[in-house]
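J.: Residues per chain, in single letters:
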Amino acid sequence: MKTNSGRFFEDYTVGQVIEHAVPRTLSGGERALYHALYPARHALYSSDEFAENCGLVASPLDDLIVFHTVFGKTVPDISLNAVANLGYAEGRFLKPVFAGDTLRSVSEVIGVKQNSNGKSGVVWVRTKGLNQHGEIVLEYVRWVMVRKGNLDAPAPETVIPQLSEVVDPSTLALPEGLEFLRYDFGLAGEEHRYANYKIGEKIDHVDGVTVEESEHMMATRLWQNTAKVHFDATNRADGKRLIYGGHVISIARALSFNGLANAQMIAAINGGSHANPCFAGNTVRAWSEVLDKSETRAPGVGAVRLRLVAVKDGAPEFALKDDSGKYHEDVLLDLDYWAFIPL
Amino acid sequence: MKTNSGRFFEDYTVGQVIEHAVPRTLSGGERALYHALYPARHALYSSDEFAENCGLVASPLDDLIVFHTVFGKTVPDISLNAVANLGYAEGRFLKPVFAGDTLRSVSEVIGVKQNSNGKSGVVWVRTKGLNQHGEIVLEYVRWVMVRKGNLDAPAPETVIPQLSEVVDPSTLALPEGLEFLRYDFGLAGEEHRYANYKIGEKIDHVDGVTVEESEHMMATRLWQNTAKVHFDATNRADGKRLIYGGHVISIARALSFNGLANAQMIAAINGGSHANPCFAGNTVRAWSEVLDKSETRAPGVGAVRLRLVAVKDGAPEFALKDDSGKYHEDVLLDLDYWAFIPL
Amino acid sequence: MKTNSGRFFEDYTVGQVIEHAVPRTLSGGERALYHALYPARHALYSSDEFAENCGLVASPLDDLIVFHTVFGKTVPDISLNAVANLGYAEGRFLKPVFAGDTLRSVSEVIGVKQNSNGKSGVVWVRTKGLNQHGEIVLEYVRWVMVRKGNLDAPAPETVIPQLSEVVDPSTLALPEGLEFLRYDFGLAGEEHRYANYKIGEKIDHVDGVTVEESEHMMATRLWQNTAKVHFDATNRADGKRLIYGGHVISIARALSFNGLANAQMIAAINGGSHANPCFAGNTVRAWSEVLDKSETRAPGVGAVRLRLVAVKDGAPEFALKDDSGKYHEDVLLDLDYWAFIPL
Numbered sequence: 001m002k003t004n005s006g007r008f009f010e011d012y013t014v015g016q017v018i019e020h021a022v023p024r025t026l027s028g029g030e031r032a033l034y035h036a037l038y039p040a041r042h043a044l045y046s047s048d049e050f051a052e053n054c055g056l057v058a059s060p061l062d063d064l065i066v067f068h069t070v071f072g073k074t075v076p077d078i079s080l081n082a083v084a085n086l087g088y089a090e091g092r093f094l095k096p097v098f099a100g101d102t103l104r105s106v107s108e109v110i111g112v113k114q115n116s117n118g119k120s121g122v123v124w125v126r127t128k129g130l131n132q133h134g135e136i137v138l139e140y141v142r143w144v145m146v147r148k149g150n151l152d153a154p155a156p157e158t159v160i161p162q163l164s165e166v167v168d169p170s171t172l173a174l175p176e177g178l179e180f181l182r183y184d185f186g187l188a189g190e191e192h193r194y195a196n197y198k199i200g201e202k203i204d205h206v207d208g209v210t211v212e213e214s215e216h217m218m219a220t221r222l223w224q225n226t227a228k229v230h231f232d233a234t235n236r237a238d239g240k241r242l243i244y245g246g247h248v249i250s251i252a253r254a255l256s257f258n259g260l261a262n263a264q265m266i267a268a269i270n271g272g273s274h275a276n277p278c279f280a281g282n283t284v285r286a287w288s289e290v291l292d293k294s295e296t297r298a299p300g301v302g303a304v305r306l307r308l309v310a311v312k313d314g315a316p317e318f319a320l321k322d323d324s325g326k327y328h329e330d331v332l333l334d335l336d337y338w339a340f341i342p343l
Numbered sequence: 001m002k003t004n005s006g007r008f009f010e011d012y013t014v015g016q017v018i019e020h021a022v023p024r025t026l027s028g029g030e031r032a033l034y035h036a037l038y039p040a041r042h043a044l045y046s047s048d049e050f051a052e053n054c055g056l057v058a059s060p061l062d063d064l065i066v067f068h069t070v071f072g073k074t075v076p077d078i079s080l081n082a083v084a085n086l087g088y089a090e091g092r093f094l095k096p097v098f099a100g101d102t103l104r105s106v107s108e109v110i111g112v113k114q115n116s117n118g119k120s121g122v123v124w125v126r127t128k129g130l131n132q133h134g135e136i137v138l139e140y141v142r143w144v145m146v147r148k149g150n151l152d153a154p155a156p157e158t159v160i161p162q163l164s165e166v167v168d169p170s171t172l173a174l175p176e177g178l179e180f181l182r183y184d185f186g187l188a189g190e191e192h193r194y195a196n197y198k199i200g201e202k203i204d205h206v207d208g209v210t211v212e213e214s215e216h217m218m219a220t221r222l223w224q225n226t227a228k229v230h231f232d233a234t235n236r237a238d239g240k241r242l243i244y245g246g247h248v249i250s251i252a253r254a255l256s257f258n259g260l261a262n263a264q265m266i267a268a269i270n271g272g273s274h275a276n277p278c279f280a281g282n283t284v285r286a287w288s289e290v291l292d293k294s295e296t297r298a299p300g301v302g303a304v305r306l307r308l309v310a311v312k313d314g315a316p317e318f319a320l321k322d323d324s325g326k327y328h329e330d331v332l333l334d335l336d337y338w339a340f341i342p343l
Numbered sequence: 001m002k003t004n005s006g007r008f009f010e011d012y013t014v015g016q017v018i019e020h021a022v023p024r025t026l027s028g029g030e031r032a033l034y035h036a037l038y039p040a041r042h043a044l045y046s047s048d049e050f051a052e053n054c055g056l057v058a059s060p061l062d063d064l065i066v067f068h069t070v071f072g073k074t075v076p077d078i079s080l081n082a083v084a085n086l087g088y089a090e091g092r093f094l095k096p097v098f099a100g101d102t103l104r105s106v107s108e109v110i111g112v113k114q115n116s117n118g119k120s121g122v123v124w125v126r127t128k129g130l131n132q133h134g135e136i137v138l139e140y141v142r143w144v145m146v147r148k149g150n151l152d153a154p155a156p157e158t159v160i161p162q163l164s165e166v167v168d169p170s171t172l173a174l175p176e177g178l179e180f181l182r183y184d185f186g187l188a189g190e191e192h193r194y195a196n197y198k199i200g201e202k203i204d205h206v207d208g209v210t211v212e213e214s215e216h217m218m219a220t221r222l223w224q225n226t227a228k229v230h231f232d233a234t235n236r237a238d239g240k241r242l243i244y245g246g247h248v249i250s251i252a253r254a255l256s257f258n259g260l261a262n263a264q265m266i267a268a269i270n271g272g273s274h275a276n277p278c279f280a281g282n283t284v285r286a287w288s289e290v291l292d293k294s295e296t297r298a299p300g301v302g303a304v305r306l307r308l309v310a311v312k313d314g315a316p317e318f319a320l321k322d323d324s325g326k327y328h329e330d331v332l333l334d335l336d337y338w339a340f341i342p343l
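Residue numbers (my numbering), protein chains in the order written: chain A, 1 to 343; chain B, 1 to 343; chain C, 1 to 343.
Just chain A, same shape as in the assembly (with noise of 0.2 Å):
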């Protein structure tokens, strides 16, 4: 059998190393492309000339490029098999990448828990995004619920990862020259700073995005992802075509640009959970709550830690979880991340 089948529970084991496969080098046609897929307008990843302003050497490849970059090239071995994706924690993303540079993965498996009904287990790992010059650009962990492929297979022995609920602010990697002292708030699009967020605070970006196919699809062939179920109309007896949940982050994290203009650099991802499934013809809107703010040691560059949450079609305003602490079935995504923005 010369094909890949995917890897199951009983596969993997606590401290393995996995060198995903295909390296990939970026240049701008991946940025063009993911500004046409997504209404992507944060000035830093827009213009050279805006982020040479705010010391950087140029405009970097937006952070989600990088994301999505990274994580496709795990899907093979990770998630063939994944039942379903459980969430992300102590997500960082370590040095900004530029065209011309080249992405791989790796990943260290640091959990595993066979369920209870023997049939499938939940596996940990933490994945590394290394630039060609070896230099870790993005790390976080992710843990996934893959089938076993042989049901006798004996449960290894369970092992949880003890993760951070949050990033601690005070050990986000500041990307090299950033400051935000000359910083032209009319160029980015609005005024509000750091200051002007309040703790609590919550944010309907107002705009909506209805999905087709091949939009989505094509993002999703775009970072390399494999997964039969985003492209393969066949595969579920609905006919329907599962869209890749980074594509629903993308899109709420473009969405909030209203709103969140001055929010510039995704500095960590501290948590997320696609709560629910998205589908071609749902409109994706989106809502941030701001969890969180704290200082950073580069001159005029504050961080706001923010609840970005994506809903479909007509959800009511804010809408998140009801009394049980069960999603609302019209959220699609709750992430919880740590932004750069100016004081």
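Do not take every clue at face value.
Identical copies carry no separate label here, and so any pair may be met within one copy or between two of them.
Stated by the list, open to error - Dumping the calculated DMTMM-like pairs for lysine to aspartate or glutamate here, alpha-carbon to alpha-carbon at most 20 Å:
id, residue 1, residue 2
1, K113, D152
2, K2, E190
3, K119, D323
4, K2, D204
Keep in mind the hints are simulated off the structure, nothing from the lab.
Owing to the predicted nature of the structure, the values given are computational and were not obtained by experimental measurement.
Following the hints, put chains B and C in place on chain A, whose structure we already have.
T.: Leaving out everything else, chains B and C in the frame of chain A:
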């Protein structure tokens, strides 16, 4: 309220200067996408060698990439609450734009006139697109009908700008170095030169393109145009997404290659009307009429003034207006422009 | 008449050389789009570092980008009035193409044969793709059935070219510097090397892609292929847009990564048939058969001759032809090519 609800009629005053947000560095990615989204084939915008042979340093980005990029930036400030996009005038392409250049836009309000119903008014703006050196690459006047936000706001003094009906061809900006002395008609695709076009001549461009939702949305997003009506299927009662008028301009201009392959560069936009809305599923066709001709000071370079008309589906041949001057219901676009063509 | 109505059978004469229009400078934009449109993952076309490790100066553009670009230019001159695309032979990739290169195409008519019905005929052309240095990067023979424009035109003397059934593997062009001595199988995605493939072996590539209208149109436009039937839904009585055969080639080749991840570069196209038409909504799958193997003079580089078959929807396993030699109705493509693979 942190989100942008757009400006209303009473927010505009003559003389006001609006610096639009989100500068944009363009690359070969935008060019490739433009050529994937439109059947664009003018050789000067396709090949560095062809452009160099015409005296330019490299192949510029398509002139309509420049137009859409500059226009897109104005949408959040000018047309978010627009009821209608009424017209264009005095559009002039002043400098070619190359991969690596960064564009931003600035508009000055040059006219206002409240409608007699007291609920809306017309706003005229002159928009300039600037590159990273502060050079103006494009300017044009556009007027839109905008809703009043506060119906009690007093009507401003009416100012209607004096606008040229046609850009004087002796004032067309000639790109530095442009000459058509060594022009290769074989590589350009057609033999017809300046002398072969007669004033009054009409050309049916023959080909048609059936428009898809994801294509017009990707195009419109690429220009960072944020008007809801293009992206959100829940925005109109009929569930349709209105197609950005510029998408139709680009389709029609690209189709006009067949018959006008040597009308290489758009030099000026004299005027334009989006006569009827375009929706996904429409098949767009185009025809042109030669309105005028003029030689230029550049070696071998002539200018033709063209009417470019986009029509849909089964429009009658050379459909335009009825006897009362009303546009035929199948006409989508009526654009009047100057193009450079070899003598 | 200024528009191109294409050539008819009687317009072709053996020995005629046609220089096709609209040269094209390719960039990282075309590469990014290729990877958004197809699930392409061969590492040598994805990563500069991987390609440099194989002795190349950088990652070339995917060989099928080159094929489509060269092919697209021939459409207005060769196949605008084609009734059918009958076959390919003697396709040879002679030099890698890199971002920044400019391609143009030239064809020579090498055979003509009027059909017995007197209404059409077969035309054979040998097409060459050239870069900006005038070097041939690709050549291939293609034959098409073309309508007569004037049924009274006399039948030309029949000339049927002698074509090799297979490109002799000892004549495959080895890209300058290519060697697979330090080849990283882990980064390439699979362990299977030259020695692991047996002649006669069949591989089911497992994955499927459901095709969308906007994807095939964007791809086909990107190659500046202008055949109406791909873009204009009013062109056929059934309202369907016929998908460019090259789109199916690229889908199938990309799917073949799963099982043939190390068949990195296409060296030659021995032959090919578009067995049945493909339409949006079809789910395309692929399988391959190893037809032959040959070592090469390049260090560590072998060549495998592969049959690549694209099928749709619920085709039976390894579907190809029935006993009478007729293609199964679910077969879309039958392509015979040589690829370079590490020993």
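J.: Decide, hint by hint, whether the structure agrees.
T.: Here is what the structure says about each hint:
no. : hint           : result
1   : K113 with D152 : within (15 Å within a copy, 66 Å between copies)
2   : K2 with E190   : between (54 Å within a copy, 8 Å between copies)
3   : K119 with D323 : neither (31 Å within a copy, 45 Å between copies)
4   : K2 with D204   : between (50 Å within a copy, 9 Å between copies)
The earlier numbered hint that this structure contradicts is number 3, and it is the only one.
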